[in-house]
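Let's have the full structure, built from the sequences with the hints guiding it.
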Amino acid sequence: MIVRDTPHSFRLFFILRGSVLPLIYGKILFITLLGVVVAVAQHFYPDVFPDFTLAPVALFGVALSLFLGFRNNASYERWWEGRKQWGQLVVASRSLSRQLLSYIDGSEKAGIEAQEYTIKLSIAFSHALRHQLRQTDPWSDIQPYVTEQDTLFLRQANSLPDAILRLIALKIRQCREQGLLSDILQASLQEQITVMAQVQAACERIQTTPLPFAYMLLVQRTAYLYCFILPFGIVATQGLVTPLFSAIIAYTFFGLDALSEELAAPFGLSANHLPLHAISRTIEINLLDILGEKPLPEPIEAQDHRLA
Amino acid sequence: MIVRDTPHSFRLFFILRGSVLPLIYGKILFITLLGVVVAVAQHFYPDVFPDFTLAPVALFGVALSLFLGFRNNASYERWWEGRKQWGQLVVASRSLSRQLLSYIDGSEKAGIEAQEYTIKLSIAFSHALRHQLRQTDPWSDIQPYVTEQDTLFLRQANSLPDAILRLIALKIRQCREQGLLSDILQASLQEQITVMAQVQAACERIQTTPLPFAYMLLVQRTAYLYCFILPFGIVATQGLVTPLFSAIIAYTFFGLDALSEELAAPFGLSANHLPLHAISRTIEINLLDILGEKPLPEPIEAQDHRLA
Amino acid sequence: MIVRDTPHSFRLFFILRGSVLPLIYGKILFITLLGVVVAVAQHFYPDVFPDFTLAPVALFGVALSLFLGFRNNASYERWWEGRKQWGQLVVASRSLSRQLLSYIDGSEKAGIEAQEYTIKLSIAFSHALRHQLRQTDPWSDIQPYVTEQDTLFLRQANSLPDAILRLIALKIRQCREQGLLSDILQASLQEQITVMAQVQAACERIQTTPLPFAYMLLVQRTAYLYCFILPFGIVATQGLVTPLFSAIIAYTFFGLDALSEELAAPFGLSANHLPLHAISRTIEINLLDILGEKPLPEPIEAQDHRLA
Amino acid sequence: MIVRDTPHSFRLFFILRGSVLPLIYGKILFITLLGVVVAVAQHFYPDVFPDFTLAPVALFGVALSLFLGFRNNASYERWWEGRKQWGQLVVASRSLSRQLLSYIDGSEKAGIEAQEYTIKLSIAFSHALRHQLRQTDPWSDIQPYVTEQDTLFLRQANSLPDAILRLIALKIRQCREQGLLSDILQASLQEQITVMAQVQAACERIQTTPLPFAYMLLVQRTAYLYCFILPFGIVATQGLVTPLFSAIIAYTFFGLDALSEELAAPFGLSANHLPLHAISRTIEINLLDILGEKPLPEPIEAQDHRLA
Amino acid sequence: MIVRDTPHSFRLFFILRGSVLPLIYGKILFITLLGVVVAVAQHFYPDVFPDFTLAPVALFGVALSLFLGFRNNASYERWWEGRKQWGQLVVASRSLSRQLLSYIDGSEKAGIEAQEYTIKLSIAFSHALRHQLRQTDPWSDIQPYVTEQDTLFLRQANSLPDAILRLIALKIRQCREQGLLSDILQASLQEQITVMAQVQAACERIQTTPLPFAYMLLVQRTAYLYCFILPFGIVATQGLVTPLFSAIIAYTFFGLDALSEELAAPFGLSANHLPLHAISRTIEINLLDILGEKPLPEPIEAQDHRLA
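Residue numbers (the UniProt record's numbering), protein chains in the order written: chain X, 1 to 308; chain R, 1 to 308; chain C, 1 to 308; chain F, 1 to 308; chain L, 1 to 308.
Please note that the accuracy of each hint is not assured.
Given that identical chains are not distinguished, each listed pair holds provided it fits within a single copy or across any two copies.
[What the hints assert, rightly or not] Pairs of lysine to any residue residues, derived as SDA-like cross-links and limited to a Cα-Cα distance of at most 25 Å, are as follows:
| no. | residue 1 | residue 2 |
| --- | --- | --- |
| 1 | Lys171 | Glu148 |
| 2 | Lys84 | Glu298 |
| 3 | Lys84 | Ile285 |
| 4 | Lys294 | Leu152 |
| 5 | Lys84 | Thr208 |
| 6 | Lys294 | Leu160 |
| 7 | Lys84 | Ala264 |
| 8 | Lys294 | Gln156 |
| 9 | Lys294 | Ala157 |
| 10 | Lys84 | Arg155 |
| 11 | Lys109 | Lys294 |
| 12 | Lys84 | Ala74 |
| 13 | Lys294 | Val3 |
| 14 | Lys171 | Asp150 |
No lab work stands behind these hints, which were simulated from the structure alone. All of these numbers come straight from a predicted model, not from anything done at the bench.
Listed below in structure tokens is the structure:
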């Protein structure tokens with residue numbers, strides 16, 4: 001995620017980091033060159049494009065704007081839902097920890113240990129979910145919070161985050177069996193675990209189910225056709241300014257298209273993706289603070305305006 | 001569902017799998033031919049179409065874009081809600097299993113058997129729901145997870161998935177009666193079963209209640225009329241390029257229409273439908289993993305970029 | 001509700017059932033005739049309409065499209081929310097029944113009778129709600145499921161569905177008082193009853209609170225003015241084709257207007273209203289199946305593509 | 001709220017009650033007169049407006065339509081959320097009453113009295129909330145349902161509806177202390193009270209937080225500028241019909257603006273506001289019916305198509 | 001937040017407070033001057049701009065309107081969600097207080113003290129959250145409600161609001177351990193605390209996750225380019241009125257852009273931000289009123305139509 005204040009006036013045009021320009025400059029260049037060719041051709045042989053006018057292009061452009069607008073909307077909602085789910089995870093982690101301290105009988109050593117280990121497992125969960133979504137190796141982040149024996153169990157699990165939730169549930173069950181927790185408070189704790197499971201499933205849903213492929217094809221084909229036809233449509237009236245206009249409009253449409261594609265899969269490491277690392281570090285700091293650990297890890301800082 | 005990266009540049013135009021082109025090429029061809037006839041007629045007898053101009057067509061086109069956009073929105077939301085419901089089923093299956101292991105007293109054999117059988121019934125539920133939505137035969141997928149006696153009961157049931165939920169509820173009730181579960185934890189388990197019932201009813205709602213028929217009629221009639229009138233409207237200014245323009249615009253509007261129709265009923269087996277088979281297999285793998293079964297079944301892989 | 005596959009190509013234009021054409025053909029005819037008069041007048045006295053051009057009409061048309069689009073959106077959401085509420089009722093009825101069998105002690109006759117009667121009252125609720133929304137007589141559908149004594153009580157009630165819910169709550173209370181049900185399971189059952197009460201209140205809300213009257217006035221007046229001005233605006237350029245264009249655009253706008261009005265009050269008996277009869281019959285079949293009754297009533301079938 | 005069937009054809013244009021015309025006829029008149037002046041000036045001195053064409057006005061009009069459309073959407077959602085909240089209050093009042101009768105031990109006089117008084121306090125709550133939102137005097141409606149002693153307490157309260165909820169909570173607490181209610185059922189009752197508190201806070205939110213002032217300024221200024229420029233923009237092509245066009249378009253835009261403003265604060269007494277009086281009377285009738293009181297108060301009827 | 005009635009007619013144009021004009025007058029001036037230069041140049045050397053027409057500008061304008069409209073929508077939703085969260089905090093604070101008085105045994109001094117102190121901590125929570133969001137010093141507002149010992153603890157906490165919630169949970173736990181509260185009622189109280197934690201996390205989400213930077217870049221660059229090109233596009237037809245038109249359209253687009261940026265981060269102290277101070281004071285008054293304190297603090301009044 002890019003974190004910076006809005007740049008003002010002309011400096012706005014010289015920012016590349018976080019911009020989608022690097023992804024689409026090839027296409028823009030191509031359309032601009034096409035515009036140059038068409039403009040030059042029309043300049044010397046004005047009779048080549050007698051039949052073309054802008055009107056049907058305009059009509060087509062309204063439809064394209066609506067379709068791009070819809071796709072952008074759907075992509076943004078996926079991005080924002082991803083962020084909401086991780087916000088939900090922050091709440092559930094904090095609430096689970098708060099309730100563990102408040103519900104489990106802490107007068108005996110077994111109770112204190114159970115509280116502590118379950119909170120540590122919650123930290124491990126947020127790391128495990130992040131690494132699963134980004135397909136990176138989770139173990140260095142998880143190791144410090146899981147016993148060796150449980151690590152063996154987790155390494156064999158099919159879904160690591162889900163297995164951690166099962167460990168948490170097991171720990172809580174043991175507390176009830178040892179008389180450190182009543183069944184009603186166990187059910188209350190389970191609600192937080194279910195929220196964590198919901199966050200996991202929602203993130204998996206966003207990641208494994210892209211926008212319908214045919215929809216993307218339709219929008220992109222339309223955008224290409226539009227930008228390809230555009231120079232021919234405007235050359236009769238715009239003459240030598242045709243390449244400039246073509247470039248600007250290609251920038252607008254291809255830019256929105258590229259950005260929508262980036263936002264639709266929000267858990268990666270690109271400039272406009274969600275800062276999962278920073279969020280899971282926040283959870284880590286919050287929960288270690290609850291346990292009273294000192295010193296706390298540092299929050300993740302934006303590097304070069306960019307938060308991972 | 002089509003699973004593949006976005007193809008780049010010109011290869012984009014040569015993809016048929018997942019595209020809606022095969023569904024609408026007849027209509028596009030028809031409009032193109034009409035464009036040819038009109039363009040040729042106008043070329044030789046320019047006085048035939050003196051009265052027509054593009055303006056009212058444009059006006060009509062904005063309205064049509066808005067209506068198609070609305071319908072597309074409604075269809076996409078049905079598709080995405082379908083996916084959300086199946087995501088909800090993933091959560092509920094995992095959470096029910098986790099809670100069964102955490103709540104039911106597993107120190108006696110009866111408890112362990114109850115845990116195991118109830119989890120297996122949850123697997124059967126997801127298969128049963130998928131087969132009901134796709135109107136295929138469920139028994140080969142369900143058989144391995146249900147006792148013979150219960151199979152007899154299920155075969156007589158009016159709604160198979162609902163009957164499986166009743167079996168689960170019955171099993172849980174027996175646990176309470178045998179003292180393996182307190183009433184408060186039974187109520188907590190029932191909440192997950194209610195979520196599963198909600199998923200079933202929501203999928204049935206999406207499947208049995210299409211978008212209002214009159215709405216579809218209105219949009220499709222408008223789209224047909226528009227594409228039919230278009231060549232006459234643009235021939236005076238576009239001349240011999242008329243067929244090309246007509247084809248592109250027919251592709252855009254008919255394509256969006258066809259795609260909307262496909263997304264509005266998302267549980268089938270077409271290229272843009274939801275991969276219910278893959279999701280229910282995921283549930284199967286997750287739950288068998290919880291039970292410690294080895295080896296686990298293989299996840300469903302996309303064949304030729306297509307996930308069923 | 002109309003239940004049929006999408007008709008293809010030209011047959012699309014000859015469907016009347018489910019179409020809104022019968023509601024608006026008078027208006028379309030009027031606008032067409034106006035178009036004829038204007039076109040003929042312009043043909044013989046071309047100087048009559050020198051001042052008019054299409055441009056301000058187009059401008060007006062974009063605004064009208066947006067307003068109609070918004071109204072259509074709001075109406076569709078009311079229709080879809082109505083359907084969701086009835087889907088919710090299906091879930092709540094099934095879940096209440098499942099929980100009754102799972103919670104109430106069925107080892108004594110009193111328990112079994114209570115389960116059975118409460119489930120029958122749930123069937124009566126869905127019939128009562130449907131009849132209230134459609135303002136038809138409920139008693140023939142309700143009689144079979146309510147004792148004579150309770151019928152007397154219900155006949156005096158101010159709101160029949162609400163009174164049935166109170167009977168259900170009373171029955172459940174008696175079970176607790178007789179020791180057949182713990183207080184915690186009673187509270188769990190009450191949640192389903194509250195869902196049923198929510199469905200009732202939501203349906204009442206949709207039925208008694210139409211879209212703001214002033215909004216409807218504004219949209220309809222604008223649509224009328226637009227279609228009335230249209231022939232004058234296009235006659236200068238379109239000449240004798242003016243009536244055809246006027247008719248098509250009048251069809252589009254008046255059609256969307258009429259359909260929006262129909263969808264906004266979705267509980268009636270028109271072709272595009274919700275099939276409440278079929279849904280409440282589904283609930284009846286599901287619940288009688290749970291009770292093991294044989295033979296089950298037949299589901300409501302679509303007659304002539306129409307489901308009531 | 002206006003309650004009437006849609007008027008047909010030309011009668012549509014002669015309805016004032018519920019229309020926004022009375023609020024905006026001044027502005028429309030002004031724009032019309034401006035149109036007359038501009039048209040006459042152009043008729044006699046055609047060279048005065050040589051430079052103006054419609055094109056930039058059209059462009060401006062699309063933007064204005066979108067902004068007005070957005071604002072209308074936001075206002076309508078406030079109005080509809082207000083209605084939903086009051087529907088929620090209907091559910092919560094009925095459910096609280098149903099649960100009071102079902103949960104509290106009614107075999108002793110104390111229990112029956114507690115049930116009755118708590119239900120009466122719920123009636124008082126809906127009256128109190130309505131009067132707070134409309135800033136009218138609540139006491140005549142509340143008096144019959146509150147004891148004299150509690151009236152003294154309520155008169156000193158900072159927020160009357162909130163104080164009534166506290167009285168209800170107190171009454172329920174006494175029942176538990178007297179052994180008429182278990183703690184689990186008390187918690188279940190508290191959920192309904194929390195819903196009532198949510199309704200109150202949501203209504204307060206809608207009432208105290210208008211749409212951002214700057215947004216309203218921007219939209220209204222744009223609408224004014226647009227309608228002011230319009231006659232100059234169309235006079236070259238429309239000539240003497242300019243005033244008519246200006247009037248119609250001013251009606252459309254100012255009308256939507258005025259309606260949006262009315263819907264955005266939906267709890268007042270204007271024609272398009274919500275019928276809070278009728279809804280709180282419905283609650284009163286429902287709850288008195290539950291208590292078996294005879295005769296029940298009359299429902300509020302629409303007077304001259306208007307429901308308060 | 002600006003609190004004032006809608007000004008009427010021409011006074012509308014002379015309001016600066018709450019308007020976005022002060023933020024964008026520089027840009028408008030620049031575009032106006034550009035318009036002047038272009039218009040004068042065209043007046044004296046009409047051959048300089050022969051190639052330009054409005055058509056492609058119009059096309060571009062529709063796309064820009066849609067993008068600005070989308071961004072405005074997303075920003076408004078952030079602003080309104082922020083307000084909803086604070087409304088949720090009002091409900092949770094009141095409900096927690098009501099339930100504390102209703103659940104905790106108040107017959108002994110320990111119970112009364114616990115009720116009182118926990119309610120005071122809830123007041124402190126709303127102040128702490130506001131100060132965190134506005135990055136101001138919280139201690140003067142919090143001091144009166146927290147014991148000295150707890151202040152020491154809070155000063156070391158990583159997240160102040162979260163630490164206050166943990167203090168509340170601890171207090172409630174002590175009540176259960178002292179026998180003043182059953183476990184079931186403790187779980188019910190925890191639900192309100194979880195709601196408060198959700199409000200905190202949602203506010204943090206809105207504050208730390210701006211709209212995607214690339215999106216903002218794209219929209220702003222497009223708006224700049226559009227307003228820069230506009231004078232060239234309209235000068236051929238509008239002549240000397242070009243600067244006026246350019247200024248108005250620049251006002252519309254830059255104004256919407258500036259307002260969207262302000263609404264997207266709604267917790268600050270600008271004119272269109274949310275009145276967090278007034279809301280947390282309302283909570284303070286409500287809760288002190290529940291405790292029976294006299295005199296209550298004054299509500300925050302709008303100063304010069306502005307509520308902080």
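Problem - Structure versus earlier hints, numbers of those that do not hold, lowest first - result: 10, 13
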